[in-house]
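2 protein chains.
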Amino acid sequence: MPKQYRIGIMGATGAVGSIMLRILEERDFPVAELRPLASVRSAGKLLKFRGEEVKIRELTEDSFKGLDIVLASAGASISKKYVPHAVEAGATVIDNTSAFRMEPGVPLVIPEVNAEDIFKHKGIIANPNCSTIIMLVPLKPLHDVARIQRIVVSTYQAVSGTGSQAITELEDQVKQFVSGEPIKHEVYPYQIAFNVLPHIDTFQDNGYTREEMKMLNETRKMLHDDSIQVSATAIRVPVFTSHSESLQIETEKKLTAQQARELLESAPGVKVVDDPANLKYPMPLDTSGQDLVFAGRIREDISHAHGLALWVAGDQLRKGAATNAVQIAEILIRGK
Amino acid sequence: MPKQYRIGIMGATGAVGSIMLRILEERDFPVAELRPLASVRSAGKLLKFRGEEVKIRELTEDSFKGLDIVLASAGASISKKYVPHAVEAGATVIDNTSAFRMEPGVPLVIPEVNAEDIFKHKGIIANPNCSTIIMLVPLKPLHDVARIQRIVVSTYQAVSGTGSQAITELEDQVKQFVSGEPIKHEVYPYQIAFNVLPHIDTFQDNGYTREEMKMLNETRKMLHDDSIQVSATAIRVPVFTSHSESLQIETEKKLTAQQARELLESAPGVKVVDDPANLKYPMPLDTSGQDLVFAGRIREDISHAHGLALWVAGDQLRKGAATNAVQIAEILIRGK
Chain C
1 MPKQYRIGIM GATGAVGSIM LRILEERDFP VAELRPLASV RSAGKLLKFR GEEVKIRELT
61 EDSFKGLDIV LASAGASISK KYVPHAVEAG ATVIDNTSAF RMEPGVPLVI PEVNAEDIFK
121 HKGIIANPNC STIIMLVPLK PLHDVARIQR IVVSTYQAVS GTGSQAITEL EDQVKQFVSG
181 EPIKHEVYPY QIAFNVLPHI DTFQDNGYTR EEMKMLNETR KMLHDDSIQV SATAIRVPVF
241 TSHSESLQIE TEKKLTAQQA RELLESAPGV KVVDDPANLK YPMPLDTSGQ DLVFAGRIRE
301 DISHAHGLAL WVAGDQLRKG AATNAVQIAE ILIRGK
Chain P
1 MPKQYRIGIM GATGAVGSIM LRILEERDFP VAELRPLASV RSAGKLLKFR GEEVKIRELT
61 EDSFKGLDIV LASAGASISK KYVPHAVEAG ATVIDNTSAF RMEPGVPLVI PEVNAEDIFK
121 HKGIIANPNC STIIMLVPLK PLHDVARIQR IVVSTYQAVS GTGSQAITEL EDQVKQFVSG
181 EPIKHEVYPY QIAFNVLPHI DTFQDNGYTR EEMKMLNETR KMLHDDSIQV SATAIRVPVF
241 TSHSESLQIE TEKKLTAQQA RELLESAPGV KVVDDPANLK YPMPLDTSGQ DLVFAGRIRE
301 DISHAHGLAL WVAGDQLRKG AATNAVQIAE ILIRGK
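As given, the protein sequences belong to chains C and P, one line each in that order.
Quick note on our numbering: the first sequence kicks off at 1 and runs consecutively.
Quick note on our numbering: the second sequence kicks off at 1 and runs consecutively.
Chain C extracted, bound-state conformation (with noise of 0.2 Å):
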């Protein structure tokens, strides 16, 4: 590959897009043109990049010419409809939607987990689902260690997970609640200010969610193991960023609380905030902006003999999306 890489972003004007650009800034990611495409709504208008303004193109079939890689993340019709047109120009698809990312041949890929399987490649690479990457950053050392055999998982979801019309959303019923006026929904089924949604994605005939189906089939793909075992339940909260989980795994090998935070202490993407005597513990207000998952509670489960329970939080944007890409990108380019 060049050394200095075109570079297209769809969704560029999204929650996840407008990220990614930060984030390729932040990394200094070399660039040689970036190309943001978005719907005809948006296009003409100008992002700023580099503290140079360009200009937002349609996305068209023929978007694509002369990309090296293009980072999606317009959702998953758009990406169906439109990944193929850029991989038959030549370009490297990193795809941040569910499209394509159970597909066999297209490698799903968290860098601290499987960096390996970015270059088993025919043109796209899957970006997980952001509960997902927060999930396995910190599982991951744990997982080679003891072998994970089961995992229990409640989430605490962030609702810039569903876009930024969410956000809205939730700013706009806290004025609603304080103002005294009645409170209004339309991105959420009902009212997310002051209340929680056991609901996230579509629900199966298995009484599972989509969300919930997708952190046990990613998990497995990602490790390379059918037989491990994810129940999840996928709640959403009013939090503006970042996803927190409440973990409970149960392993081969037992691992011993202290045993888990050293594995931890040590590994890539994740930073041990676990000192509750002194009130320190992983919340998603400290983990917003930043890349590391935190990881803290750790504890032996009192109700398994190989049982380990932990908290998590991380910034779903960035790790469990725009960065997670962006880092995928960086080892693309840097070859294996």
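There may be inaccurate statements among the hints.
What the hints assert, rightly or not - Partial chain P-side listing against chain C, Cβ under 10 Å, derived:
#	residue
1	196
2	199
3	279
4	282
5	290
6	301
7	311
8	313
Worth flagging that the hints you see were computed from the coordinates, not collected in a lab.
The beta carbon of each residue, even a glycine, is placed where N, CA and C say it ideally should be.
With chain C held as given, fit chain P onto it using these hints.
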């Protein structure tokens, strides 16, 4: 016992105490005299009960003369100090604090779970922790049929569980957010608005909090089963009222989701709200201000052959505290 009762309320001005008054009114409890007791700060103020004004008295060791029943909800240290005096004065105390819950000889009771234990009392009957009540009301009917061996629970607990001042703190913080002021905190160690705190009550040596350990110890005591395993993660969320809980249970006998749903549909104190296709599931906004625990998202656990997952929510000031205490009083006066 007489047919009209003289009732003392310790902590009558608090978040739970004030609801105890409302519940006594709603359920038409046969009250001959209502004696609200509170700190010297509130003494002399007036409370409304059944349309009449009742003067708050200062809580002292001599406050209990002539009382039949005392409902105590002024904190564990206050209960430890004053409840023995109430018992000595001849009253039966229903104590909503943690002061006596684990003492041998003090029944700990949820009427839907172990009403029969009420009559073993020697002056004190303890009301369980709110999170334990919300959890066990829907689990008891499943336990009776399939024998629960292990519970993994993550909670989503409302700020009113902390008390009135925490409600004010959350209100103030969203006002500060809307007006662009710095967000202040005093009740909680960190901002609770737009955040979640993995910290309720104090931390123990095993890494669990006291709140989390209560969910184990109280469950064992009420089910009279020291072999049942419970691992809890107790989390505070920015919700005003009603605790929600993500529950995963493992049973000796396999339960299908449909069997569990049918058992819960005929269970006392439970309302099944489980029609995800029509977006019907339990939410704290819907459970507040009433006494049933809502159960939904009932599904067979895909990670465990004898596992079942469900999502429950209930008003922790009412069924999780005040209503449960008044229900105990009702059974007490009805007699065996």
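Hints versus structure:
About 5 Å separates the beta-carbon of residue 196 (chain P) from the nearest beta-carbon of chain C, less than 10 Å, and the hint is met. For the restraint placing residue 199 (chain P) at the interface with chain C, the shortest Cβ-Cβ distance is roughly 6 Å, inside the 10 Å limit, so the hint holds. About 5 Å separates the beta-carbon of residue 279 (chain P) from the nearest beta-carbon of chain C, less than 10 Å, and the hint is met. Because the closest C-beta pair between residue 282 (chain P) and chain C is about 7 Å apart, less than 10 Å, the hint holds.
Because the smallest distance between the Cβ of residue 290 (chain P) and any Cβ of chain C comes to about 16 Å, over 10 Å, the interface hint for this residue is violated. Interface hint at residue 301 (chain P): satisfied, since its Cβ lies 5 Å from the closest Cβ of chain C, which is below the 10 Å cut-off. Hint status for residue 311 (chain P): holds, given a least beta-carbon distance of 5 Å to chain C, under 10 Å. Because the closest C-beta pair between residue 313 (chain P) and chain C is about 8 Å apart, less than 10 Å, the hint holds.
Hint check: a violation occurs at hint 5 only; the rest are consistent with the structure.
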